[in-house]
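Q: Sequence:
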Amino acid sequence: MKFVWVTREVPLTPVHGAHSYSNGLLRGLLDTGAQGELVSYALPDGGGVEIAGLTQRLSPAPSPPRALSLLTSLPSDAYRLKSERLARDLETALQGAPDAVLIDFYAMGWVAPLLRRHREAAGGRGPRAVYVSHQYEQALRPEVARDFVGSPAMRLALSLDADKAARLERRLVADCDLITAITERDRRKFQQDAPDTPVLTLSPGYEGAPAPDWRIGPDTPRQVILAGAFNWIAKKRNFRRFLEAAEVPFREAGIKILLVGQAEPDFIADIMGRSQICAFTGFVPEIAPYLQQGRIGLMPDEVGGGFKLKYLDYVFASLPIATIASQLSDLPIDPSADVISAPTAAELVTAIVEAIDDFPRLNAMKSRALAACSGAFRWADRGRKLADAIATLKS
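Its first residue numbered 5, the sequence shown is counted upward by one per residue in the working numbering.
Check each hint, because a few of them may be wrong.
As the list claims (entries may be wrong) - Derived lysine-lysine pairs resembling PhoX-like cross-links, with alpha carbons at most 25 angstroms apart: (1) K260 / K239; (2) K168 / K239; (3) K193 / K260; (4) K168 / K193.
For the record, the hints were derived by calculation from the structure and aren't laboratory data.
Make a model of the complete structure from these sequences and hints.
A: Here's what the structure looks like:
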């Protein structure tokens, strides 16, 4: 099989969860023996890595001001990712007669009309279009806009942008022959939108070996670990909400929060200016060494969608999870016994304080979660399922 993969930034050197998902799924597809062409924007360092079976067309990333998207029909993500250079690269790639074009991330949906015109010019023949979704944007973006706390003008801009994002995703869904969803919950929503289009659930995989078993005990730092990138408005809002609930109880209980991953300087300064319990590592090339520096891995989001990739980091590091219950999707575990979960940030704070010194419970919890997930999150399995689904379209 020959395919073209169109995405926002080269995902071959992952720096955050979205890159990790794209990278793993792309490599999983290549592992089936498929031949691919990546059409994308280069990272600031121009970076990319050579991968067997993959050619790359990397153009300079455009940088138009997001605010100008208000004057267009595109949401801000798509507006800043649209460029004539990438469109030409895609048209060139199409000359190679691929079997499928995978549009990775909703904001790359602006390329769908180009594919439609290509197929029409070929008399209805041409590559199948596949939408690789990261979450159900039509629900997520409006939720983020409603949750925003700040200036009314910014709230209005977010609401307008969310409406445009929903329209773009709906058009993309209508134009595609196959949709991939990151959770079963998202699959059901996409299937309602497009009942005649196959929708395939491809939850993330995990690359790397599980950590050797280790025991949480009195010598383990009395802190929780929050891993990930802290650049998106919703993630910042989610953490600030959690911190409002956690600052006093955690301080009184002697519990710290270590945030491991990339964060904007203004966000770090804001948090450090209001909190006595937080510390930041900044960007780290590997998070694994930090995941045994605490007793619990934290997922504090009350607003959001998709699959939380940090769950897999925690599980395979043998670190127990504390999470908002509504965000616990597609892990093959018992949510009542294998994780600490609660419906709200305030209740999750209370549950963490109660559990932080319960070493038998924490060690049993992480062992059960690791046993349940071992073998269930292989990228090769995801790549094979995707290849098979594309082959079915062509048959």
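Q: Given the hint that K260 pairs with K239, test it: the Cα-Cα distance must not exceed 25 angstroms.
A: Roughly 19 angstroms between the alpha carbons, so the hint for K260 and K239 holds.
Q: Is K168 within 25 angstroms of K193, Cα to Cα?
A: holds (18 angstroms)
Q: Given the hinted pair K193 and K260, is their Cα-Cα distance within 25 angstroms?
A: Distance of about 38 angstroms is beyond 25 angstroms: violated.
Q: Please work out if K168 and K239 have their alpha carbons no farther apart than 25 angstroms.
A: Given that 25 angstroms is the threshold and the Cα spacing comes to 21 angstroms, the pair holds.
When the structure is compared with the earlier hints, a violation turns up for hint 3 alone.
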